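2 protein chains.
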Amino acid sequence: MTTLENVKYNADGLVPAIAQDTQTGSVLMMAWMNAEALNATLETRRGTYWSRSREKLWVKGESSGHIQHVKSVSLDCDGDTILLAVDQIGPACHTGAETCFTGREIS
Amino acid sequence: MTTLENVKYNADGLVPAIAQDTQTGSVLMMAWMNAEALNATLETRRGTYWSRSREKLWVKGESSGHIQHVKSVSLDCDGDTILLAVDQIGPACHTGAETCFTGREIS
Chain S
1 MTTLENVKYN ADGLVPAIAQ DTQTGSVLMM AWMNAEALNA TLETRRGTYW
51 SRSREKLWVK GESSGHIQHV KSVSLDCDGD TILLAVDQIG PACHTGAETC
101 FTGREIS
Chain P
1 MTTLENVKYN ADGLVPAIAQ DTQTGSVLMM AWMNAEALNA TLETRRGTYW
51 SRSREKLWVK GESSGHIQHV KSVSLDCDGD TILLAVDQIG PACHTGAETC
101 FTGREIS
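Chains as they are written, first to last, in the UniProt record's numbering: chain S, 1 to 107; chain P, 1 to 107.
No lab work stands behind these hints: they were computed from the structure. One or more of the hints may lead you astray.
[Unchecked claim] Which bits of chain P does chain S cover? Going by a derived footprint, with three or more residues having C-beta under 8 Å, they are:
| id | stretch |
| --- | --- |
| 1 | 19–32 |
| 2 | 66–72 |
| 3 | 87–100 |
[What the hints assert, rightly or not] Far from chain P, some chain S residues (derived; all Cβ distances over 10 Å):
| id | residue |
| --- | --- |
| 4 | Asn34 |
| 5 | Arg46 |
| 6 | Val59 |
| 7 | His69 |
Computed from a prediction, not measured in an experiment: that's the story for all the values here. For glycine and all other residues, C-beta sits at the position ideal for the given N, C-alpha and C.
Model the full assembly from the supplied sequences, consistent with the hints where possible.
Shown next, in the form of structure tokens:
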């Protein structure tokens, strides 16, 4: 176990967050969180991120309905990466793909 | 499928790379790659990263023996995150834990 105080944000106040599907084990996506997004994720148990392009908090699925029920939130050994275990409703990717990596192997 | 030309590096010339274990499905670690590290990973099929603290290329396991045999390299939908499927030899974390997230749930 660890605590929120151990999260190390980067110079922009952000930490990368990886979402993994509890059912399939697939890595669904990686997005960024600021402290507010991380706190919201822990309190609401909905995957919540910081949109760097729109510069605002972003509840995953707020428009598409493809929300993430967050089952656990872990911090890596050096405190600078988050891993979320999520029950993903619908496809995780905005393209409609199951994950943001589906069919995207580099050849 | 996609190609190397579609990788979008950040202002520091880096892209985050998530390593996932092919056997267990566990997310093992997240580290950073520059173009040289990504090319080396694709050519040698050994997980190779850029160490931001040491400012040098870093072959995972070069000192510990805990190398990663890379089975596939995928790029996410917007081109700014890499996902590696790896056969991890030994523990992935420098602490000796199976993954860098093992036992690190935020409570």
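Hints, verified against the model:
1. Using a Cβ-Cβ cut-off of 8 Å, 5 residues of the stretch 19–32 of chain P lie near chain S, which meets the minimum of three, so the contact claim holds.
2. As drawn, the stretch 66–72 of chain P meets chain S at 1 residues by the rule of a beta-carbon pair under 8 Å; below three, the given contact is violated.
3. Note: the stretch 87–100 of chain P has 5 residues with beta-carbon separation from chain S under 8 Å; the three-residue rule is met and the coverage holds.
4. With a cut of 10 Å on Cβ distances, Asn34/S stays outside the contact zone with chain P, its closest approach being about 15 Å.
5. Chain P leaves Arg46/S outside its interface by the beta-carbon criterion, the shortest separation being 16 Å against a cut-off of 10 Å.
6. Taking the minimum C-beta to C-beta distance to chain P, about 19 Å, the non-interface status of Val59/S holds against the 10 Å cut.
7. Every Cβ of chain P is farther than 10 Å from the Cβ of His69/S; the closest lies at roughly 16 Å, confirming the non-interface assignment.
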